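Residue numbers (our numbering), protein chains in the order written: chain A, 1 to 423; chain B, 1 to 310; chain C, 1 to 411.
In short, the hints are calculated from the structure, not lab data.
Just so you know, these numbers come straight off a predicted model, no measurement behind them.
Idealized CB from N, CA, C, for every residue including glycine.
Check the hints yourself; a few may be wrong.
[Stated by the list, open to error] Not the full set, but computed from the structure, chain B residues with beta-carbon under 8 Å of chain A:
| # | residue |
| --- | --- |
| 1 | Trp60 |
| 2 | Leu100 |
| 3 | Glu106 |
| 4 | Val111 |
| 5 | Gly182 |
| 6 | Pro186 |
| 7 | Pro223 |
| 8 | Pro286 |
| 9 | Leu291 |
| 10 | Leu293 |
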Amino acid sequence: MSEQAMKSYDDLAPSATDKFRQRVLPFIVMIVLLAAIPLFDPSRTMNSLIAAMGINIVFALSYNMLLGRAGLLSFGHAVYFGLGGYAVLHAMNAIGAGSSGFWAGFPVFMLPVIGFGAGALAGVVIGWPSCKRSGVPFAMISLGVAELVASAGYMFGSIFGGEMGVTSDRMVGPRLFGLSMGPVEDIYWFIAFWTFLGTLGIYAFTRTPLGKMSEATRDNPERVQFVGYNPDRVRYLVFIFAGAFAGLAGGMSAVNYEIFTPESLSLAPSGLVLLMAYIGGIRYFTGPIMGAVLLTYMQSMLSDYSEAWLLYLGLLFIAIVMYAPGGVAGIVYGLLGILRRGGTDGVLARRAKQAAGVALAFTGLVILVEIAVRWSNGYGEVFEPFGLHLGIDTPLSWFLIAGFFAAGFGVLRMAREIEEGHG
Amino acid sequence: METIVFSLLNGVIYGLLLFMLSSGLTLIFSMMGVLNFAHASFYMLGAYFAYSIMGVTNFWIALILAPVLVGLVGAAVEKWGLRNVHAHGHVAELLFTFGLAYLIDEMVKIVWGRSSVDYRVPEVLDFPLFELFGAEYPAYRVFILMVSVGMLVALWFILNRTRAGLIIRAALTHPHMVGHLGHNVPRIFMLVFGAGCALAGLAGVIGGNYLVTDPAMAVQMGPIVFVVVVVGGLGSLTGAFLAAMLLGLMQTFAVGVDASFADLFGWLGLTATSELGGITIASLAPMIPFLMLVLILMIRPRGLMGDREL
Amino acid sequence: MKLVKSAALAAAMAFAAGGASAETVKIAFIDPLSGPFGPSGTAGLHQWEHAVSEVNADGGMNGATLEMVPFDNKVSPKESLVQLQKAIDRGIRFIAQGNGSSVASAIIGAVNKHNKRNPGDEVLFMNYAAVDPAFTNDRCSFWHFRFDSHVDMKMAAATDWISEREDIKNVYVIGQDYSFGKAVAKAAVTQLAEKRPDIEIVGNELHPLGRVKDFTPYIQKIISSDADAVITGNWGADMVLLVKAAMDSGLEAPILTYYGGSLGAATAMGKAAVGQVLQVSEFVENYPTTDAQIARIEDYEKTYPEYDYYYHRAYNAVNFLDMAAEKAGSNDPVDIAFAMEGMTYDGPYGKVTMRAKDHQVLQDLFVSTFSADVERDVEDTGLGWTASDADRIAAGATAQPTTCQMDRPER
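Required output: the full structure, derived from the provided sequences and hints.
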């Protein structure tokens with residue numbers, strides 16, 4: 001410790017290699033990854049999944065500008081996503097209709113810029129009253145605004161299209177990069193481009209003085225005031241940028257799905273993005289990315305295997321709130337840290353035991369839930385994993401459930417005893 | 001005239017139901033600072049429990065037993081869940097209850113199915129009580145009115161005339177002082193949380209068959225309950241009561257009124273054929289609560305009768 | 001990265017399991033399977049499954065086994081397009097949907113776009129219940145076939161019934177606030193003005209779709225308007241709750257419905273609604289029919305004891321599909337679509353024609369009455385729907401002119 005204290009401030013700053021490794025390398029990896037995916041010739045299902053993931057990554061990152069960085073819990077972030085999307089759809093229709101004027105020369109590829117602008121505009125208008133408060137009142141205002149805008153959506157048919165929503169056709173206007181925007185392969189490049197740009201933009205924002213001040217406002221608003229900043233002002237500006245990036249994601253979604261309905265402005269999608277960011281880990285920049293990838297995967301793939309996927313999602317969320325506030329990213333980075341430091345076999349063994357315990361107990365839970373789901377459907381369907389016949393009245397089912405739970409909690413207890421022994 | 005009388009009756013009943021649902025949350029929120037997102041889920045549980053109990057026995061047993069069960073579930077959630085999250089702060093607690101709402105929703109879907117269940121008004125109460133302007137008035141609505149008023153009186157009595165009520169009222173405003181005086185504050189919290197959930201459960205029992213018992217009922221009621229609590233003001237049951245009645249009346253009156261923006265603002269040149277002019281007052285009903293919420297938070301953050309800011 | 005890999009793996013597995021092989025032809029059933037309209041969608045699904053099983057028992061579609069693959073869309077147009085994409089990604093090329101004209105509208109748009117962008121990979125949309133007239137008029141599409149009579153056709157039957165009753169002076173129209181409800185209101189107003197100019201429309205109300213839990217204020221409004229008859233296009237929970245409130249408040253005027261047969265409505269109506277609630281539909285359970293049809297109804301109600309036979313049009317749709325495939329000698333959606341145009345089929349309730357001009361089915365309609373004197377009841381209430389020959393409207397009489405300019409692909 002004393003050695004470190006002797007160092008000058010220059011030494012404490014990250015070295016050029018560190019800077020490159022932490023700030024530039026991840027983006028190079030991202031570019032390589034995005035460029036490599038088409039080489040594997042992904043199936044259509046895969047393409048749809050990737051598109052949804054890209055949209056959700058930008059959306060979740062924009063949400064984390066509020067929750068993780070500025071400490072603002074919002075229940076209405078989908079409003080900006082939706083308004084951005086609607087703006088893009090109307091612009092797309094204008095491109096389709098107009099043979100001259102501004103829209104005629106506007107390529108669909110660049111439409112998320114419109115979403116960005118619309119989201120920012122919505123942030124300017126709605127943020128002004130909301131950002132005077134923080135904490136729970138802010139959360140309540142955001143909830144009220146979300147419900148207000150969503151119900152207004154059903155009223156103003158010419159803007160929001162009522163129950164039917166607004167639809168459009170993306171194969172219009174001039175081409176950019178030779179992409180017709182029709183087939184999924186073209187859309188892949190569109191999504192990849194904007195996912196990268198959105199991620200880069202949000203990361204760049206965290207490096208600006210405003211981004212830094214937003215974290216300071218989260219941690220200690222009084223102190224921020226002492227050094228001469230207005231916390232309300234900082235919140236308001238961050239809010240506008242978060243809205244803008246959400247609008248960008250909405251614009252990507254509008255081009256991908258070519259439809260928006262008023263319900264996409266409401267509480268439910270806002271809740272989902274909250275889950276994504278929080279499960280991923282709001283304290284890490286990459287957390288929401290992990291959360292978005294995980295939840296999108298669960299939403300579109302797991303939902304085919306199990307009707308109870310939302311139950312698993314709720315359980316995952318509660319488990320993270322209670323036991324791992326760092327989220328998935330926290331767990332991943334924690335493990336990486338242990339591996340990198342090395343030598344601490346005890347810690348690794350304990351983590352492995354914990355993981356095994358959780359996995360065992362979770363298996364028991366899955367069996368229980370799956371049996372219950374099939375029983376409640378009443379179609380006479382039976383849960384049959386690995387050729388086992390697990391009915392509600394099969395003793396084996398209950399034996400397995402009890403066994404897995406007992407084993408899981410036993411192992412967890414052992415892990416805890418080791419921990420206490422160490423402590 | 002007909003519209004006014006009917007809207008008044010329906011509005012009062014809806015308002016009382018809302019108050020029953022939100023009184024528990026007001027207590028919980030004021031005392032523990034927890035804005036329980038899952039509160040409406042307990043309302044839903046009340047309805048489903050009553051439906052199941054009614055299937056085996058009868059409505060009257062369900063009326064007693066279901067709220068008690070819901071209260072026990074609530075107390076368990078407080079003891080084994082919420083209390084552990086408390087250390088992480090209010091936002092973590094809010095998120096915990098948010099996840100809990102998801103969880104209860106899904107469990108209800110697994111146990112009782114994804115669509116509505118046929119939870120009916122008991123036959124003894126399923127008859128028209130009186131006729132008014134050619135329309136019959138169902139007896140069950142009057143029953144709801146009586147149960148709600150009964151609960152109101154009981155709640156008032158407990159809070160203002162018993163020792164337990166005294167401690168609860170003290171804990172509402174000065175939780176630390178109550179702790180210093182030697183009362184087991186965590187236990188009071190658990191009891192209040194359980195009791196609050198039981199009240200929501202009771203609202204579910206009598207509201208579930210009056211409205212619809214389906215897995216969406218929690219999501220629909222949840223935000224409105226928040227509105228009542230916030231508009232009423234922190235720490236004030238009277239405020240919550242006023243807010244609930246106000247909301248109930250405004251929403252039913254809006255449906256009853258046969259007017260559009262064009263009729264109201266015709267003098268500004270708004271015509272019924274324009275989109276804005278064509279919007280009817282009735283279609284505004286779902287927006288009213290949230291408009292109130294946002295306005296109150298901006299203009300009067302204490303709420304109608306609150307003693308401190310949110 | 002691991003996640004993406006496992007995602008790829010799972011996706012590949014899903015594709016292998018879900019891809020259309022030579023022996024099975026899959027039909028994606030995109031309808032609400034949960035929420036306020038869940039019962040409507042689930043009932044429809046079972047009816048399609050039953051219809052498909054009949055074709056399979058009879059040798060299948062050109063030897064291929066038909067299979068229904070359900071997708072829950074929660075009556076949301078956006079969710080429907082996500083599910084549609086999922087279905088197409090899995091290689092499914094026949095889409096069945098019915099509940100919600102808002103959904104059907106989105107699907108028609110998406111199917112048109114998909115078929116334009118992916119020649120050789122076309123999908124066909126069989127609409128069994130979304131009845132906004134626009135789909136076979138201005139917005140008609142070669143890829144869309146409608147197996148239900150649309151709003152104007154059914155309204156013609158309802159307004160005929162009203163115009164014969166001189167004592168009806170005031171009519172109240174109530175419906176759901178979206179394209180379908182608006183189409184019903186418009187049809188009622190224009191057709192009544194033509195047939196009975198003396199009738200006054202005393203109320204024309206739209207309420208939010210699937211969000212009203214207590215219809216009592218609406219019913220009290222109807223009662224105080226002195227309406228002699230009520231017309232409603234409501235379906236699903238909106239139908240059930242509307243009649244529930246009507247019975248609770250003692251509404252006495254006859255109620256003309258499109259979907260009085262919605263699951264749960266009979267239970268909510270009870271004895272009080274006998275003779276008061278009417279329904280315009282292509283199927284009436286107690287109308288005399290062939291032995292084969294009776295056997296089919298009984299088999300269905302035995303297979304799905306909790307449901308009543310209701311969506312007869314699902315059988316029409318599946319039969320048309322099977323017949324068109326046989327006629328074309330191919331299971332390709334494009335060939336089938338061409339073969340289906342103008343096709344006729346002798347059903348148990350009369351001749352059914354798929355009009356080539358706009359892909360609108362023409363079939364006999366019935367104005368049935370809710371009755372206590374029935375052979376086959378619904379929902380174990382002892383009550384059911386009945387109609388006589390006088391209540392039957394021939395297919396030709398229900399036909400409406402169309403503005404459709406069909407855009408057919410090159411052959």
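Against which earlier hints does the structure fall short, listed by number upward?
1, 5 and 6
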